[in-house]
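If you're matching them up, the sequences are chains A and B in order.
Counting from 6, one number per residue, gives the positions in the first sequence under my numbering.
Counting from 115, one number per residue, gives the positions in the second sequence under my numbering.
It is worth saying that the hints were derived from the structure and are not from the lab.
You may find that some hints are simply not true.
As the list claims (entries may be wrong) - If you want the footprint, here are the derived chain B segments under chain A, 3+ residues with CB under 8 Å:
| hint | stretch |
| --- | --- |
| 1 | 181-192 |
| 2 | 196-205 |
As the list claims (entries may be wrong) - Simulated restraints on C-beta separations:
| hint | chain 1 | residue 1 | chain 2 | residue 2 | range |
| --- | --- | --- | --- | --- | --- |
| 3 | B | LEU196 | A | THR228 | 23 to 29 Å |
| 4 | B | ASP234 | A | ASP60 | 19 to 25 Å |
| 5 | A | PRO321 | B | CYS171 | 53 to 59 Å |
| 6 | A | ASP278 | B | ARG184 | 16 to 22 Å |
Remember, it's a predicted structure, so these values are computed and weren't measured experimentally.
Each residue gets a CB set at the ideal place from its N, CA and C atoms; glycine is no exception.
What follows is the residue order along each chain.
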Amino acid sequence: MDGVAIIGVGLHPFGRFGPKSAIQMGAEAVRAACADAGVGWKDVQFAFGGSAEVDNPDAVVGLLGLTGIQFMDVYNGCATAASALQLAAETIRSGKYDIGVAVGMDKHLPGAFTADPVHYGAPPWYGEMGYFLTTKFFGMKINRYMHDHGISHETLARVAAKAYRNGARNPNAFRRKPLAEDEILSARMLNYPLTQYMFCAPDEGAAAVVLCRADVAHRYTSTPIYLRAATLRTRRYGAHEVHSTWAAVDQDAAPTVYASRAAYEEADLGPEDVDVVQLQDTDAGAEIIHMAENGFCADGAQEALLADGATEIDGPLPINTDGGLIANGEPIGASGLRQVHELVHQLRGTAGDRQVPGTPRVGYAQLYGAPGTAGVSILTT
Amino acid sequence: MFDIDVEIGMREGRRVPKVAFAPDVFTWPADEPRLIGGRCPTCAAVTFPQVASCPRCGSPEMAQHLLPRRGSLWTWTTQDFLPKEPYASGETPETFRPYGVGLVQLGDEVRVEGRLTESDPARLRIGMEVELVVVPFRVDDDGTEIVTYAFQPVRPVQDQRDR
């Protein structure tokens, strides 16, 4: 994908904010993104808004200014924000508009997500019988992965401890208290082998980006960040996915693998070119599996990489530098745009205490969620 | 063939109906219950439960297909917290009993998700042989016992954590 630049990013902190509405948070994120881009809301020609809980994210225009623009709402599970970003980019690339906004916002109740399983294509009894839990799926997936590839419980704890350490350096994060690996390991088990502190929590927040035609980006900023790929894939026959009563014996790779390959091809880059990474760490195990599914290491190599600190902010493969989902929580509609917000700051060199050393040039973001949907974005300076 | 889903059992000296939690999921009543899956007449893909059309080739016809009773535990986890609604066990946070959940490979046909009769990680192993059983799930106010399917280890394993 060529021709699209990100010129502004804005974020409403993630956490819990009492009676404040998701739409209010969304409006603040859009204002921050416009201010960052040096544009006014009146300059924005179109928008895509993503949310799980808000039926009409476009209601944010009531707080920003009723300018009459095209504003479309999207929901695509945990890949909602990737979908909003991709649609915004394609709208610019199509030539229809020159400058637009992608915004995500959400406000979830505490505790594991729930819904009517029928809406996920599962039988009606799936929830009544106690199967309709994403956390249970993640426990099963990492348990098999650990068995097949020699990943230890200590490595799970290392991933979570890194998330809390990075979150402590991020003023916008939900969980900012560092936790030791033994505290994480000895915490309450939720779904074996995953303890309470190895999971992210549904929470609240918003994030927004301003995108424009790459050839006009320098009018707005001296540091445009180019969106080089944005892909989305659903599950194939043979993938073992969330909220499914069965899986085929003939296994196929997870949708992340296909979204990732397509993104590298679109960007004409490979995993070896990537300098800073954001992965869907719904749980510590998911980050480990996603390292391999996105091509950053071989299956099983995570054990040594984590022991060596390779994925720390100052390591050779920095992952989830802002604390990821584990430290930020997951307001579904906003989560993927939080990833982009972090990558843009890393690539501009403005990530402050979390800045990856050197001059990172390529950023990579991956989302994954029910019922088997993955989105990947690649950004470059 | 599977429209009778009530068996009369005994509880506290009284005869009580034992009712499957949903029809068309497992054969019941039965001495050797089996899961009721679907098989595609075109491409032979097997699903559980039977679904309306084939997830592999898109064929709009799926035939009913009884699944093998034994299989191996492909992966598993434990459910250590009380699920929110629509979970319908009738338990409260105080009475909740954690349960195991597995993905069980039945022959070379399909992998199915099911509760496990064992929830102690030290007694569960990937690859262990398990067998389909029907177990109590909930007792309704009128005394009806709701039963569900689960997988039970065929042989116990040594009590030693696999880590």
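Hints violated by the structure (numbers, ascending): 3, 4, 5 and 6
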